[in-house]
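Colleague: Below are the chains, spelled out letter by letter.
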Amino acid sequence: MIIEIKNLVCRFGDVAAVDDVSLMVDKGEVVVIIGPSGSGKSTLLRCLNALQDFDSGEIVVDDILVEKNHRHIHDLRLEVGMVFQQFNLFPHLSVINNIVLAQKVVRKRSKEEAVAKGKKLLGMVGLTEKAEAFPAQLSGGQQQRVAIARALAMDPKIMLFDEVTSALDPEMIGEVLEVMKRLAAGGMTMLVVTHEIGFAREVADRVVFMDNGRVIETGPPSVVIDNPREKRTQEFLSKVL
Amino acid sequence: MIEWISKQVILYWDILRYLLPAVPWTILITICSFALALILGMIIGIMRISRISWVARLAGMYINVIRGVPLLVQIFFIYFGLGGILNLDRFTAGVLAVGICYSAYLAEIFRSGIEAISVGQHEAAQSLGMTRFQTLRYVIIPQSMRIVLPPTANEFIASLKDSSLVSIIGMRELTRAGREYYSQYFVDFQTWFIVGLIYLAMTLTLSKVVKYLEKVYSVKGFGSQKA
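In order, the protein sequence lines correspond to chains H and P.
First residue of the first sequence? That's 1 in the numbering used here, and the numbers climb one at a time after it.
First residue of the second sequence? That's 1 in the numbering used here, and the numbers climb one at a time after it.
Worth flagging that the hints you see were computed from the coordinates, not collected in a lab.
Mixed in with the good hints there might be a few duds.
To give an idea of the chain H side of the interface with chain P (calculated C-beta under 7 angstroms), a few residues [as the list claims (entries may be wrong)]:
1) Q86
2) F90
3) A102
4) V115
5) M154
Distance ranges between label pairs, derived from CB positions [as the list claims (entries may be wrong)]:
6) L28/P / E67/H: 51 to 57 angstroms
7) G186/H / I49/P: 55 to 61 angstroms
8) A158/P / K181/H: 53 to 59 angstroms
9) K239/H / V119/P: 36 to 42 angstroms
10) V119/P / H195/H: 58 to 64 angstroms
Bear in mind that the values here come from a model prediction, so they are computed numbers and not experimental data.
We put the CB at the ideal spot given by N, CA and C, even for glycine.
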């Protein structure tokens with residue numbers, strides 16, 4: 001198990017955003033988390049790389065215990081890459097420097113090595129010719145592909161995707177999902193929060209349906225998406241499909 | 001009439017020649033005190049947003065105290081109060097007073113500049129494994145630069161004007177030289193007109209420099225970046 005989440009609880013005031021969630025993820029597994037807005041999907045993801053504190057429970061990521069006082073936070077974040085809904089590229093840096101920065105200051109790579117790695121990854125996401133452009137000159141879909149390349153440049157063992165297509169124009173969603181599919185096919189361990197049910201059906205090894213902070217149903221897409229047992233899953237899917 | 005005009009021209013020229021040697025001192029005081037204000041302001045501004053609460057509170061107190069006391073009083077306090085104990089000369093005391101005063105204003109400008117950058121930028125940097133310090137240094141502060149440049153430049157121009165207050169402790173800069181000239185020759189209108197004109201020439205020049213810097217610091221397409 002590369003990720004072990006046991007009885008995770010994360011409260012915002014009186015509301016339990018994540019309410020007693022347990023989840024195990026194998027190396028190389030692609031887990032897609034679906035569910036209505038406010039069901040705690042994103043919060044669960046953010047707990048995994050300590051962007052979000054949690055109240056109780058235990059998270060172990062690649063043998064690193066995720067703790068409240070963040071003693072191993074640095075080691076943890078090296079293993080876990082994250083892509084955000086709002087891209088969050090660094091607007092003052094060119095595309096290539098977005099990818100090079102953390103490689104240099106965190107991974108301590110030489111500039112040549114970091115640039116070479118960055119160019120290779122830009123090729124992988126199909127944006128070789130945009131290396132010198134600035135984020136604001138790119139479309140949303142292009143920015144998100146750069147964000148994926150930036151996260152991958154750190155050689156993470158796990159990739160977290162937090163609604164990465166939700167802020168995109170419809171015609172750009174495909175190009176981002178395409179990159180993610182290739183990544184999944186390459187054996188990356190992925191946790192994907194998304195509303196793209198088609199993507200879940202095609203790529204997920206396992207689908208987790210969450211509602212009100214709880215895991216309602218989990219299983220292969222052929223079950224959770226095509227033949228859900230739980231009533232709430234059925235209701236949700238009937239609305240989004 | 002012609003005689004009057006030529007007399008006036010000679011008078012103005014005489015005043016100008018008397019005052020100009022003092023101008024470098026005004027510039028030196030301004031540059032030294034503002035350099036001090038930049039360094040102190042950056043430190044205090046970052047302390048202000050520290051997660052360690054007593055550090056943040058200490059910085060807050062510094063800002064409130066310094067901003068709440070008139071600069072003139074601070075100059076007196078540092079030169080006559082502290083100066084007596086620490087043996088400060090006029091120049092050092094003046095630079096310290098103006099520098100400390102402006103550091104409080106700059107700290108607030110820097111703090112607001114840092115806070116103006118979206119949470120997403122912090123999270124993106126941290127998710128890449130950067131420490132809080134690295135995040136500030138490589139991601140947040142470079143973006144804040146463009147935001148804080150105009151108000152910081154305004155403070156620089158204001159500090160140039162406020163350097164005239166240092167004349168009160170006998171530091172011989174532009175305003176002091178004006179007072180000297182006036183007390184020797186008793187031409188008030190012409191003297192202070194020229195003093196004002198020299199300050200104006202300096203501040204307008206600085207405004208132009210600031211405009212240029214703003215252009216240099218702008219990044220391609222950055223202005224249209226959606227939040």
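Colleague: A separate judgement is required for each hint: does it hold in the structure or not?
Modeller: Status of the hints after comparison with the structure:
{"no.": "1", "hint": "Q86", "verdict": "holds, 5 angstroms"}
{"no.": "2", "hint": "F90", "verdict": "holds, 6 angstroms"}
{"no.": "3", "hint": "A102", "verdict": "holds, 4 angstroms"}
{"no.": "4", "hint": "V115", "verdict": "violated, 16 angstroms"}
{"no.": "5", "hint": "M154", "verdict": "holds, 6 angstroms"}
{"no.": "6", "hint": "L28/P / E67/H: 51 to 57 angstroms", "verdict": "holds, 53 angstroms"}
{"no.": "7", "hint": "G186/H / I49/P: 55 to 61 angstroms", "verdict": "violated, 41 angstroms"}
{"no.": "8", "hint": "A158/P / K181/H: 53 to 59 angstroms", "verdict": "holds, 58 angstroms"}
{"no.": "9", "hint": "K239/H / V119/P: 36 to 42 angstroms", "verdict": "violated, 30 angstroms"}
{"no.": "10", "hint": "V119/P / H195/H: 58 to 64 angstroms", "verdict": "violated, 22 angstroms"}
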